[in-house]
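Trainee: Make the full structure from the sequences, and use the hints.
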Amino acid sequence: MYSKDGVDYFVLDAHVALWDARVENRRNVHGKQFIDCFFDYHRNLSPESEHWSYEEYLYQGGDRLMKDLFEDGYVDHAIFQPARLAEFYRTGFGQTEEASALAAAHPDKLTYNHYFDPRDGERGLDGLREASERFGLKGVKLYTADWHGDSRGWRLDDPWSYRYLELCRELGIKNIHVHKGPTIRPLDRDAFDVADVDHAATDFTDLNFVVEHCGLPRLEDFCWIATQEPNVYAGLAVALPFIHTRPRYFAQIIGELFYWLDENRVFFSSDYALWTPRWLVERFVDFQIPEDMTEYAPLTTDQKKKVLGLNAAALYDIPVPEHLQVAHPPAAAEPQAVAVA
Amino acid sequence: MTATLERPTAHGRAEQVRAALGTVLDPELDEPITDLGFVRSVALDDEELRVHLRLPTSFCSPNFAYLMASDAKDALTALPWTGRVVVELDDHHDSDLVNRGLAADAGYRGTFGHEAETDLEELRETFRRKAHTAAAERCLTGWLRAHPDEPEGAAGGVVLGDLAPGRERDALLRRRAALGLPADDGALVLVDHTGRGFPADEVPLRLRRARSTRISVDGNAHFCRGLLRTRYPGSGEDQVDRPEGAEAADVPAGARLLMITPVGG
Numbered sequence: 001m002y003s004k005d006g007v008d009y010f011v012l013d014a015h016v017a018l019w020d021a022r023v024e025n026r027r028n029v030h031g032k033q034f035i036d037c038f039f040d041y042h043r044n045l046s047p048e049s050e051h052w053s054y055e056e057y058l059y060q061g062g063d064r065l066m067k068d069l070f071e072d073g074y075v076d077h078a079i080f081q082p083a084r085l086a087e088f089y090r091t092g093f094g095q096t097e098e099a100s101a102l103a104a105a106h107p108d109k110l111t112y113n114h115y116f117d118p119r120d121g122e123r124g125l126d127g128l129r130e131a132s133e134r135f136g137l138k139g140v141k142l143y144t145a146d147w148h149g150d151s152r153g154w155r156l157d158d159p160w161s162y163r164y165l166e167l168c169r170e171l172g173i174k175n176i177h178v179h180k181g182p183t184i185r186p187l188d189r190d191a192f193d194v195a196d197v198d199h200a201a202t203d204f205t206d207l208n209f210v211v212e213h214c215g216l217p218r219l220e221d222f223c224w225i226a227t228q229e230p231n232v233y234a235g236l237a238v239a240l241p242f243i244h245t246r247p248r249y250f251a252q253i254i255g256e257l258f259y260w261l262d263e264n265r266v267f268f269s270s271d272y273a274l275w276t277p278r279w280l281v282e283r284f285v286d287f288q289i290p291e292d293m294t295e296y297a298p299l300t301t302d303q304k305k306k307v308l309g310l311n312a313a314a315l316y317d318i319p320v321p322e323h324l325q326v327a328h329p330p331a332a333a334e335p336q337a338v339a340v341a
Numbered sequence: 001m002t003a004t005l006e007r008p009t010a011h012g013r014a015e016q017v018r019a020a021l022g023t024v025l026d027p028e029l030d031e032p033i034t035d036l037g038f039v040r041s042v043a044l045d046d047e048e049l050r051v052h053l054r055l056p057t058s059f060c061s062p063n064f065a066y067l068m069a070s071d072a073k074d075a076l077t078a079l080p081w082t083g084r085v086v087v088e089l090d091d092h093h094d095s096d097l098v099n100r101g102l103a104a105d106a107g108y109r110g111t112f113g114h115e116a117e118t119d120l121e122e123l124r125e126t127f128r129r130k131a132h133t134a135a136a137e138r139c140l141t142g143w144l145r146a147h148p149d150e151p152e153g154a155a156g157g158v159v160l161g162d163l164a165p166g167r168e169r170d171a172l173l174r175r176r177a178a179l180g181l182p183a184d185d186g187a188l189v190l191v192d193h194t195g196r197g198f199p200a201d202e203v204p205l206r207l208r209r210a211r212s213t214r215i216s217v218d219g220n221a222h223f224c225r226g227l228l229r230t231r232y233p234g235s236g237e238d239q240v241d242r243p244e245g246a247e248a249a250d251v252p253a254g255a256r257l258l259m260i261t262p263v264g265g
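Residue numbers (the UniProt record's numbering), protein chains in the order written: chain A, 1 to 341; chain B, 1 to 265.
Since the hints were derived computationally from the structure, they do not count as laboratory data. Given the structure is predicted, the values throughout are model-derived calculations rather than measurements.
Covered stretches of chain B, going by a simulated chain A footprint (3 or more residues, C-beta under 8 Å):
no.	stretch
1	50-62
2	199-213
3	217-228
Every residue, glycine too, gets a C-beta built ideally from N, C-alpha and C.
Mentor: Encoded structure:
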């Protein structure tokens, strides 16, 4: 919980990872390039006081994670969103065993989401069933740009993807997080392209599609589909740290998201360990739309409460103490649609 | 070896190389690679002109990377006095593939094989349209701010002749020319890529969409510029300021011109 000026905020970090990018876990040069890219994001967008050393950045472990999120970071609950990246790292990038064990030890604080890859075919469907049973999955994180053998990516609307989504529906895995953003190899199977989310969201209206990084670098394409699909949500991972170096850009992002989606469909995410949540929570609570940006309404305290935790808590059925709720909670909201010409 | 009577002086050649590279755009960011600091080095001798390009991360889109590198090679090869032209992309996850493809003039499909199913021209066209949309929005938002009593819908009737002269109008005219749209004073500003305007009741929504496109372009441009500076210390000196979307944290870019290194004898 975070408190400021007599107001208490429930904080749900909807996108964290326990990764291992140390040299011994790297399979090839791409493993180095990938973490170096993250490290540059970290150095470029963080306040100087929050910069980590490269060594610290490669691996944090469970104790450090618990401290950064829950002791120092004001987080009440966090959700693991692991990326497999098995072509780059020996045991993958996100550490399934370590993260799921940590979540099992702290069920009140951590939720473990797993991943699937439709290119695993029938075997992968069995794997998803097993993972669902073992981890009690409420959600999955999908990385459509992941390399896999000769393939450098897949689409959410591929026939095999649909078989996996059908299985998610059957297993009660209702939250589908899709990485759409800074990517590894889009090419023709353009991983920036959110059109595949559009198709899947239309065909699986009973599932929730959380677009991580809110479609950046193609914010406009994302907004356009999210306007038309009420089961599409925006994760603020990577967008949020702009609040420090580019506050006007961040104001525009949040302003556009509220306009096209509404205040109930935007999630706070630190993307730990890209960034730690502490400064992001503090800055977000202090943040306001610049006065000269008259095209956007000022953010209200209730809107900030929703983004910081209540919206994601509603989707994941995570209990929120009554006194931290708002008068118009997200669960009761009717999705707001913008008339599309 | 290839010197001809028309071969310009060393200074003239450097100017021409810079001008040629200045015609190469990052399609998504809608800026020349020279302004973005993507040109790492240029080396010129009697035998060869060798250019190295660098990008903000190892994982920048390979299709855009290929497009910029091959455009650079084409622009330099077109100079009448160049002999062998080598363009190489540094520190990218596909550097080897792209550099081999460029050396062999294999083309996009020849370079990426089965992954390159569609033509790059389609990609270029998509981003030409976005660049135009963003440029029109900048002009119309400026016009609306200068006419605070006009409703947003009035933007649909604004014509090129109504726009104040200056950088934003010039930029819009360049984007229009790239799409083959008219440039006369009576032409509507808010049009789609075919030059068609919108019914009055659709104008606010169209403008709103255009705004999100402009925010994307400006935001990506500054993010990429910042990442390049983080990745290559000192590269900020090779960047030219971008006023669109600039914020307090932006340090003024350097004004260093491309340095050409003479190599060999």
